[in-house]
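S.K.: Top to bottom, those sequences are chains Z and L.
Read in my numbering, the first sequence has 40 at position 39, and its numbers run on one by one without any break.
Read in my numbering, the second sequence has 69 at position 29, and its numbers run on one by one without any break.
Since the hints were derived computationally from the structure, they do not count as laboratory data.
All figures in this text were calculated on a predicted structure; none of them were measured in a lab.
Straight-line distance between alpha carbons at most 20 Å, and here's what the computed DMTMM-like set of lysine to aspartate or glutamate pairs gives:
1. Z:Lys8 - L:Asp158
2. L:Lys127 - L:Asp84
3. Z:Lys8 - L:Glu190
4. L:Lys127 - L:Glu92
The following label-pair restraints were derived from C-beta to C-beta distances:
5. Z:Thr3 - L:Val197: 22 to 28 Å
6. L:Arg132 - Z:Asp4: 29 to 35 Å
7. L:His55 - Z:Arg37: 20 to 26 Å
8. L:Val197 - Z:Trp62: 39 to 45 Å
9. L:Ser107 - Z:Asp45: 25 to 31 Å
10. L:Val197 - Z:Asp19: 26 to 32 Å
11. Z:Arg12 - L:Arg103: 35 to 41 Å
Listed next, the stretches of chain L that the computed footprint assigns to chain Z, with coverage defined by at least 3 CB atoms under 8 Å from CB atoms of chain Z:
12. 55-66
13. 182-188
Every residue, glycine too, gets a C-beta built ideally from N, C-alpha and C.
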Amino acid sequence: MTDEHLKNVLRAALPPTDHGVAAREVWPRLSDRLDRTTEWSYVDLGLAAAAAVPFLVFPEWLWLLAYHL
Amino acid sequence: MQDEPDRDLLRRFAHGDREAFEALFRQFEREVYRWILRIVREPDAAEDALVEAFWRAYRGRARFDPSRSYGAWMRRIATNCALDQLKAARRRDRQEVVGRVPPREPATRGGPGGTDFDRADNIRRAFAALPPKLRVVATLALIEELPQTEIADALGVPIGTVKSRLFRATRELRTELTRAGIQA
Numbered sequence: 002m003t004d005e006h007l008k009n010v011l012r013a014a015l016p017p018t019d020h021g022v023a024a025r026e027v028w029p030r031l032s033d034r035l036d037r038t039t040e041w042s043y044v045d046l047g048l049a050a051a052a053a054v055p056f057l058v059f060p061e062w063l064w065l066l067a068y069h070l
Numbered sequence: 041m042q043d044e045p046d047r048d049l050l051r052r053f054a055h056g057d058r059e060a061f062e063a064l065f066r067q068f069e070r071e072v073y074r075w076i077l078r079i080v081r082e083p084d085a086a087e088d089a090l091v092e093a094f095w096r097a098y099r100g101r102a103r104f105d106p107s108r109s110y111g112a113w114m115r116r117i118a119t120n121c122a123l124d125q126l127k128a129a130r131r132r133d134r135q136e137v138v139g140r141v142p143p144r145e146p147a148t149r150g151g152p153g154g155t156d157f158d159r160a161d162n163i164r165r166a167f168a169a170l171p172p173k174l175r176v177v178a179t180l181a182l183i184e185e186l187p188q189t190e191i192a193d194a195l196g197v198p199i200g201t202v203k204s205r206l207f208r209a210t211r212e213l214r215t216e217l218t219r220a221g222i223q224a
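Build out the structure end to end from the sequences listed, making use of the hints.
M.R.: This is the structure in structure tokens:
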């Protein structure tokens with residue numbers, strides 16, 4: 002099967018898309034999603050908390066961190 | 041490619057201005073949707089990927105350089121979203137059908153590969169069985185007949201990667217189609 006024949010076989014079964022437009026108005030969906038998105042996700046908050054807790058428990062570690070920065 | 045928006049609009053977008061973002065969305069929505077549809081070939085999935093792509097663009101606005109092409113940046117994000125859609129669809133298919141779906145046996149009537157319907161169905165199955173990364177390249181290169189440089193830009197990979205993926209995709213397709221009794 003040559004490359005050209007393979008192309009023809011594929012294009013016959015899977016014709017190129019007809020370049021349509023979205024059937025629905027998409028902006029409201031996107032806008033809702035943006036409104037629901039906080040700048041900090043739960044993962045971000047969790048990581049920040051996990052990083053902060055050791056320094057609350059052992060405040061003297063802050064000097065160690067400062068020394069390394 | 042669409043005309044580039046003016047620099048001021050892009051700067052406002054990069055600083056998080058929602059009105060600027062909506063203006064960009066309105067300007068590029070069609071083009072991005074068409075691009076995604078070319079890859080995923082399914083209008084509902086293309087709509088989902090469209091929302092995802094613009095959402096990712098807004099989230100990643102701080103990384104956008106207003107002196108670069110917004111259209112090219114958006115196309116790369118859209119390609120990744122379309123690829124993720126294909127991966128998700130593949131995972132869903134695997135959950136529904138355990139193991140690989142064998143191609144239909146070639147029918148005795150209707151010529152090599154069976155009837156026209158069987159033949160087209162087997163081709164679609166063989167194509168859908170390609171790993172998503174190969175499928176994207178095969179779709180854009182073989183069906184949509186886009187230049188390999190354009191595909192490389194959209195995927196953010198070197199052209200050599202596009203060539204090797206295309207080679208692997210055609211090899212896998214030939215094997216599957218031959219197995220299904222479809223010959224040149």
